[in-house]
Amino acid sequence: MEKIEHTTVSTNGINMHVASIGSGPVILFLHGFPDLWYSWRHQLLSFADLGYRAIAPDLRGYGDSDSPPSHESYTVLHIVGDLVGLLDSLGVDQVLLVGHDWGAIIAWWMCMIRPDRVKALVNMSVEFHPRNPSVKPVEAFKALFGEDYYVCRFQEPGDIEEDFAQVDTKKLINGFFTSHSTRPPCIPKSVFKYLPDPPALPAWFTEQDICFYADKFSQKGYTGGLNYYRALNLSWELTAPWDGLQIKVPVKYIVGDLDPTYHIPGTKEYIHEGGLKKHVPFLQEVVVMEGVGHFLQQEKPNEITDHIYGFFKKF
Amino acid sequence: MEHRKIRGNGVDIHVAIQGPSDGPVVLLIHGFPTLWYSWRHQIPGLAALGYRAVAPDLRGYGDSDAPPEISSYTCFHMVGDLIAIVSALTEDKVFVVGHDWGALIAWYLCLFRPDKVKALVNLSVPFSFGPKDSTVKPLDALRKFYGDDFYMCRFQEAGEIEAEIAEVGVERVVRKILTYRTPRPLILPKDKSFWGPKDETIPLPSWLTEEDVAYYVSKFQEKGYTGGVNYYRNFDLNNELLGPWVGCKIQVPTKFVIGDQDLVYHFPGAKEYIHGPKFKEDVPLLEEPVVMEGVAHFINQEKPQEILQIIVDFISKF
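Note that the protein sequences, when read in sequence, are chains A and B.
For what it's worth, the UniProt record's numbering labels the leading residue of the first sequence as 1, then goes sequentially.
For what it's worth, the UniProt record's numbering labels the leading residue of the second sequence as 1, then goes sequentially.
So here's chain A without its partners, still in its complex pose:
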């Protein structure tokens, strides 16, 4: 881990903290919520050994990167702008891209608006869905899952931060990362008053890991990451120009069969029966990992490394 270099890059009006290691073709790893570059610690080391330059930033709003105060600074256009600027500063024309959770959403959009900068994509946990011109995303989630659905509970600035603050930080982080519940995450206020003690840490999530996350999120807070959700409707409004456009980058999609996203009604059919392929015509491989939850790159690091390597070898 000491071999991983940490630098700060000035890009798109922010300072971005970047962890990197190795030399060779560049792989850019994008974390999700509520995560950090650290999510990719195993892959960074493995891919350096495999002859790649592995790069994992703290995205805008997270960790040691800048967090502009307004949620309006967190549209997908802002984040993709940060990453294109990062590639420009590294002198990288085309990158191999890996995304997870919100990082996957950003990766889909990067492929949509700057396909010329992406050689191939391995995306995890969140499929691509085309924009519905008639319904804003937050309203759609509310209609489907109710106002206690986490996306809806994340909307009001300060509200969920107050709920999070009621819970011991390490307990909260353990809850986020190790839950294998497949139900749509609904989090009424009452949940935070009587949060049960989570089970003992699984083998793949150590005390050291929890402390790293607890440390960073105590320092920074969750607002930066929550702002991505608060900018969902705005991102929807601004991405009208790409209605009807397919994602024309070679893609491999991976999800754990215990990931709550995989259990959203309609998702399995969408992924396996051609829905996703209609919008991502160069979708080449789909992998469902048995018994694996949402944070698959940490739960099954070697398998995920193998999956990514097996795909990127072709390019």
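In short, the hints are calculated from the structure, not lab data.
C-beta atoms are modelled at their ideal positions from N, C-alpha and C, and glycine is treated no differently.
What you were told as hints is all true, and nothing was included just to trick you.
Restraint ranges, calculated between C-beta atoms of paired labels, are given here:
(1) Val-92(A) with Leu-204(B): 54 to 64 Å
(2) Pro-277(B) with Pro-202(A): 53 to 63 Å
(3) Ala-143(A) with Arg-184(B): 48 to 58 Å
(4) Val-92(A) with Asp-260(B): 41 to 51 Å
(5) Asp-140(B) with Gly-91(A): 21 to 31 Å
(6) Tyr-215(B) with Pro-130(A): 38 to 48 Å
(7) Tyr-215(B) with Gln-284(A): 52 to 62 Å
(8) His-42(A) with Gly-269(B): 46 to 56 Å
(9) Pro-277(B) with His-42(A): 44 to 54 Å
(10) Asp-140(B) with Val-92(A): 27 to 37 Å
(11) Lys-144(B) with Val-92(A): 30 to 40 Å
(12) Arg-143(B) with Ser-70(A): 18 to 28 Å
(13) Gly-291(A) with Lys-278(B): 53 to 63 Å
(14) Ala-163(B) with Ser-70(A): 28 to 38 Å
With chain A's structure known, arrange chain B on it following the hints.
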């Protein structure tokens, strides 16, 4: 000529359409402060040659919707509207012709959806107005260069220029702007002296009739100028959102035309950009830029036949 409303992207957009329904679409995008009407001479000519000419009133103008919030007027909203219009009419790529703000929006359309544009003819506004490094806000740079009375700076405060226009009167404003031929950046001193004394008549050039003026006046009296001015109020936000495209080239075959009396041609750096290597670097498929002698900003109205010919000669190659 047919007038239709197309709904897409949350707004109703009025379009003037002429030409065979299976003809290749030519999307004509007006600027500030004009309307679909500024293409009145090119539309029938294109239709007669078998093209399907499509000229919208952009969001905020004429018979199209004008959402109230300033934030509804980013270039992403505009391009979203145009994509909705194009998708409603055809699955094929289209030809695009832009003037003034319409040219800027056309550059963005080519950046965002090169898959939709066969070829581009852009008038007056070169790609030097494209996305720049976001550390410098465009409006700060403009204000520093030209001062607070530069027209784009005077447009920033919500309601301010609208109040001035209401006081001066839409008729005078329309006549003064369309007949402006000063080859210098447009300065609007706060004492309203730019518009001239109320009793001063503003004669029309040969290319503009009283009927033309009356059409513009009626539409701008009805709608006001807020919609159009809101485009300028999103300058800084546009640049912030255009981060993903800094340094991105236009990959569409392009023809660029400007009048040598156009105030845009006399922005500092404009001539160097247009005639130097940078324009061609940014737009690799750019044909040699055309500068029309003795022609001012409203080029498609001042030299309608010449502009029609340039458009037709260019798009017939594709």
